[in-house]
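Undergrad: Protein chains in written order, with our numbering: chain E, 1 to 386; chain S, 1 to 168.
In short, the hints are calculated from the structure, not lab data.
Misleading hints may appear alongside valid ones.
Here's a subset of chain S near chain E, in silico, CB distances under 10 Å, partners left out [stated by the list, open to error]:
1) LYS3
2) ALA29
3) TYR33
4) GLN37
5) LEU45
6) GLU73
7) LEU96
8) TRP101
9) ALA113
10) GLU116
11) SER121
12) GLY123
13) ILE126
14) MET127
15) LEU129
16) ILE158
Straight-line C-alpha distance at most 25 Å; calculated SDA-like pairs for lysine to any residue [claimed, not checked]:
17) S:LYS136 <-> S:ILE111
18) S:LYS3 <-> E:ASP318
19) E:LYS24 <-> S:LYS86
20) S:LYS86 <-> S:SER4
21) S:LYS49 <-> S:ASP87
22) E:LYS24 <-> S:SER4
Note that CB positions come from ideal geometry on N, CA and C, so glycine has one too.
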Amino acid sequence: MGRRVAVVGAGMTKFVRRAQETGKELAWEAAKAALDSCGMTLDQIDCVVLGTAPDTFDGVHMKGEYLADGAGAWGKPYMRSYVGGGTGVFCPIHGWYHLASGHFDTCLVVCEEKMSSYQPHPQGAFLTIFDHTTERPLKPNLLWIFALEMNRYMTTYGFNKEDIARVAVKNKKNALDHPAAQIPEQYTIEDILNSEVLAWPVQRLDVSPVSDGAVALVMANEHVARRVTSKPVWVEGVGWALDTAYWTNRDLCYPRYVEVAARMAYRMAGITDPAHEIHVAEPYDPFDYKELHHMEGLMLCERGEAPIITAEGKTQRDGELPICPSGGLLGVGNPIAAAGLMKVAEIFWQLRGEAGKRQIARKAKHGLAQAWGDLMQVGTVIVLGI
Amino acid sequence: MLKSKDLMGTGLSSQDFKQKKVLVERWTANAKYGWDQGIAIGRYLRELKNGKITGIKCHKCNRTVVPPRIFCEWCFKPMDEWVYLKDTGTVNTFSLCYVAWNMERLKDPLIPAVIEIDGASSGMGIMHLISEVDPKKVTRGMRVKAVWKPENERTGAITDIKYWKPIR
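Isolated chain S (complex conformation):
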């Protein structure tokens, strides 16, 4: 039977570090990457630069997916047809987030959401942000529209869509 007195494992408190009871070695990773966008996402991003959202269709599975991919992970065949989707959609789920990645607190929440894109098959969403809305008024099922950066500021990135706002 597990007994407290037999258990090893020595917990430290922040006091222990302040009082220099324990020694720490520090190191910062110098990790830099250049990611190739690939065939499917490359085209998706080029079209975002043009202010358009693209999906791709598998005729065998009869579905249109977004983000696009060159193969269908269901039937494992090449995808059949690129299609333009609308820049409107429906909130599938959302959060009101009051912390940044490093746990710093935010006064105004970020509103990440999964947004099902109009023109894609049911349930096909992308992750993005919602804004221009009272956080308390955001609901599942809310209709939203993309707010694009001005054309000359777009770089071919997911952030060419600044955020999504409610359709009033």
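Bound conformation, chain E alone:
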């Protein structure tokens, strides 16, 4: 499986609704913080991977090239990865194969998103994901597909909104301990259930916010990693998969593509019983039901069981299987590509015991981060371990 690869440093900016910094400036702030965290400088970096979501957000063609200088790519081999919302977890996978191949020894992975530039609301930037002939004439908005999927999930297993709202309560509360968080809050289940109905069953507090922000990781081959840090966090498994764009032909109650990606990552990591061998996970949670949906796709529990173990408290920070101890997208914020990489950074900090007030109670040797995106069709999974 190629050379061993580790994450050796991580850094991020605050996540905010609208940042004064340009995307390039945000990228630099995160990249600098990641390099500083492991005492490295840009001249020790062999190659750079950048993740950022649609060019439409910024109105800049080939945004990757525009952001390159901020990501530290001047004069270096540089590639932008883009798989929609799955980008943030795909980028360290991209970094992994640069290094596992043996072609490079160090890689700076930077994910940046500035959604606020799009006026009046960045939701408009998503309209073009719908089929231009068979769907867009119906004037859809992005919430539709989430609402349709959430309703299918709830009605398949007979869950009510209360079962789902527990995730929003947990994650927004977890985010109170995250110094970069945009909307941390102590809510009750009633608060979530009483929030404005946007597209039933989706309500205001079921949804993550629009955000600006950036996150970066430094990745290195084993011989470099051991010199840089006494606590390298190894990339143990990677997986990614895409489902059909004919999304109305799929059963939306289960993310099969996440399962395919997870199986690929578990096989590489030698994990046969993920529910017990994964000790902490950061599944993608742009909506509260998505955390549950993804836990099932990741086989961290049986299908239709995620809301039950959530209600039992197993997914709290002091539970058997802490889920989204960072506060997730629901609490920390959702600058698309940066949000996914924030999850990988959280697993890095958790496994090193450096998560501060967010540190989970149980011992953890293996952790997982997962992201999801495009037209509800891509799953990206990374398993990290110490």
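Once you've looked at the hints, dock chain S against the given chain E.
TA: Same frame as chain E, now just chain S:
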């Protein structure tokens, strides 16, 4: 360890813009497109103009799909046979949507749904809208029928079906 005092990133509020503390450059994209409908969707739309919904069959995978496509994404072979489907179906999932694309609020909800079309294989749906119904009464599994535009108003578009209404 991540500490608040070390974190960069400067949040702005709407006050900052009102008080002109920050400067903004504005630009509007002038992007116009003419999309070719393609072979499969082209025929699908022509048949919609005739008041008919078409699907297409893959004999190898033994399934009839809608919207039609010229190749089967499973076995990657050309599709085998065009078939007419019924203009009735079953609600696979739905939403009651109170916001427009720009987040403006709607008093009466739009009811987008995935509708499984009768005559296609199980689970084969299209996205469309439901109307002529009390939003509170819409359920998964509800039977619906297409409400077509009058023939002289049809243009060969998905909107030739105005919406779907419950079969009573």
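Undergrad: Against the structure, test the hints numbered earlier, and report the numbers of the ones violated in rising order.
TA: Checked against the structure, the hints that fail are numbers 19, 20, while the rest are satisfied.
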